[in-house]
Amino acid sequence: MRIKMLMRCTSGTVEARESLAAASMRLASDSGGCLVVTDGGRLAGVLTPADARAAGPSTVPSLAVHEWPAFTSRLTVADAMRRDPVVVPPDATPGDAAHALRTRGHRAAVVVDGSEVVGVVTTTDLLGTLVQRLERETPPRLSRLLVAVSLVASTSRRCRSRTPLDLALGIARRHRATLTLLHVMRGLSLRVAEGLPAGVDADVQRWRLAEVRAALIRRVPPEDRSVVRVDVRAGDVVEGVLNGAATAGAELIVMGGRPGASLVRETMRRAPCPVLAA
Amino acid sequence: MFRRMLVLLDAGLVGRRVVPWVRRLLVPVHGDVRLLVVLPPGRTVTAGSRTLIYADQGEDAARDAVGVALAVVAAQLRDDGLAVSSEVRFGDPGVDALEVAQAWGAEAIALVDVPAHGARRWLTRSVADAIVQKTPLPVLVARASGQRAA
Chain A
3 MRIKMLMRCT SGTVEARESL AAASMRLASD SGGCLVVTDG GRLAGVLTPA DARAAGPSTV
63 PSLAVHEWPA FTSRLTVADA MRRDPVVVPP DATPGDAAHA LRTRGHRAAV VVDGSEVVGV
123 VTTTDLLGTL VQRLERETPP RLSRLLVAVS LVASTSRRCR SRTPLDLALG IARRHRATLT
183 LLHVMRGLSL RVAEGLPAGV DADVQRWRLA EVRAALIRRV PPEDRSVVRV DVRAGDVVEG
243 VLNGAATAGA ELIVMGGRPG ASLVRETMRR APCPVLAA
Chain P
253 MFRRMLVLLD AGLVGRRVVP WVRRLLVPVH GDVRLLVVLP PGRTVTAGSR TLIYADQGED
313 AARDAVGVAL AVVAAQLRDD GLAVSSEVRF GDPGVDALEV AQAWGAEAIA LVDVPAHGAR
373 RWLTRSVADA IVQKTPLPVL VARASGQRAA
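Those protein sequences? They're chains A and P, same order as listed.
First residue of the first sequence? That's 3 in our numbering, and the numbers climb one at a time after it.
First residue of the second sequence? That's 253 in our numbering, and the numbers climb one at a time after it.
If we strip away everything but chain A, and leave its shape as in the complex, we get (with noise of 0.2 Å):
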């Protein structure tokens, strides 16, 4: 891999002395890029939007109202930009454009082939490369999942041969991943909590949830249970799940239930991770 596979185009070429503003507005428009700025022809410097924001006004309101308006928008290009940039030539590894950039502290480097700038290089893409390479070496894995399993539907519906259980529990063994098995049960009826004596509802309730995550370790094999955390929750199905994701970090929610229930619809619209409705 060299940096010409890599590097970008510039978001454009500025002189020193034009204003920082209008070469904010540019900058903006070109998500991730940087500007190479000249003085009388000669490359002088790199301005990217975080040199761009540090040069302009405060971000917060009771420092912003002693700056001046009239001053920040006399600012140039070359109050904000980074002089003396880091420059590789196109046959550059990612490598050497790295180290020269951790070493100098600068986020872009420019690309010069011969006298003519070709093009940038910035940090981002460089992490790109990174994580390129590390994803090689190291296949991508699923290492958090979530099933939200139901104690009464002991068989999917739709896939009539495996569990959503079943479904998750293999998935997690291929991906070495935990697997966190979470069922949410309504809390007690009104008629039923008022007709018990003070204190004793919640007694029943923390009954209920010992015995439902009983039933639900007995449903994984032996073999698993060292990889499974078992997660019972009282209140709204949906909410629970996303919470029960969320607090697991789960990268995948494996689901069943009745096809097309709105309970499965409304976590695919809501989840922060990819739903599996098995």
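These are computed hints drawn from the structure, not numbers from a lab.
Every clue listed holds true.
From the derived model, a few chain A residues whose C-beta atoms are all more than 12 Å from chain P:
(1) M7
(2) R104
(3) A200
(4) A217
Computed beta-carbon distance windows for the label pairs:
(5) A327(P) with E17(A): 34 to 44 Å
(6) A52(A) with E339(P): 40 to 50 Å
(7) G42(A) with G264(P): 41 to 51 Å
Below, in silico cross-link-like pairs of lysine to any residue (SDA-like), each with a Cα-Cα straight-line distance of 25 Å or less:
(8) K386(P) with V347(P)
(9) K6(A) with D331(P)
(10) K6(A) with A323(P)
All figures in this text were calculated on a predicted structure; none of them were measured in a lab.
The beta carbon of each residue, even a glycine, is placed where N, CA and C say it ideally should be.
Given chain A, work out where chain P should sit, using these hints.
Relative to chain A, chain P alone:
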């Protein structure tokens, strides 16, 4: 654990958001992926008595345009060691996806749920809803936005 997954994409390839998740699920099992794009059927465009574009010409142009984007997605997945094939169809995505899944022997379907807005949300059913309701296969559904990246 499934190995053969049908990935339903759209013309704008918003559905590409599900591809990283497919990759994460299938790379450890050296899976098999079929990329499917179902476009609306072409229409003959006329101006007065003159025919500007015939339906099949429009479909060919659309097929070529999507084919280029599909090839990029397919190449990325092949780099990860997955077996990839792709297909472009014209029709109803909800119906065609199920047909292809059955004919190809898919073990799961992956797609992105693009929710409708306004009144359409209540009047029409999304493609994801239609597929989840009808298919006996597991369906991996990612959202078009607001969800963690793979």
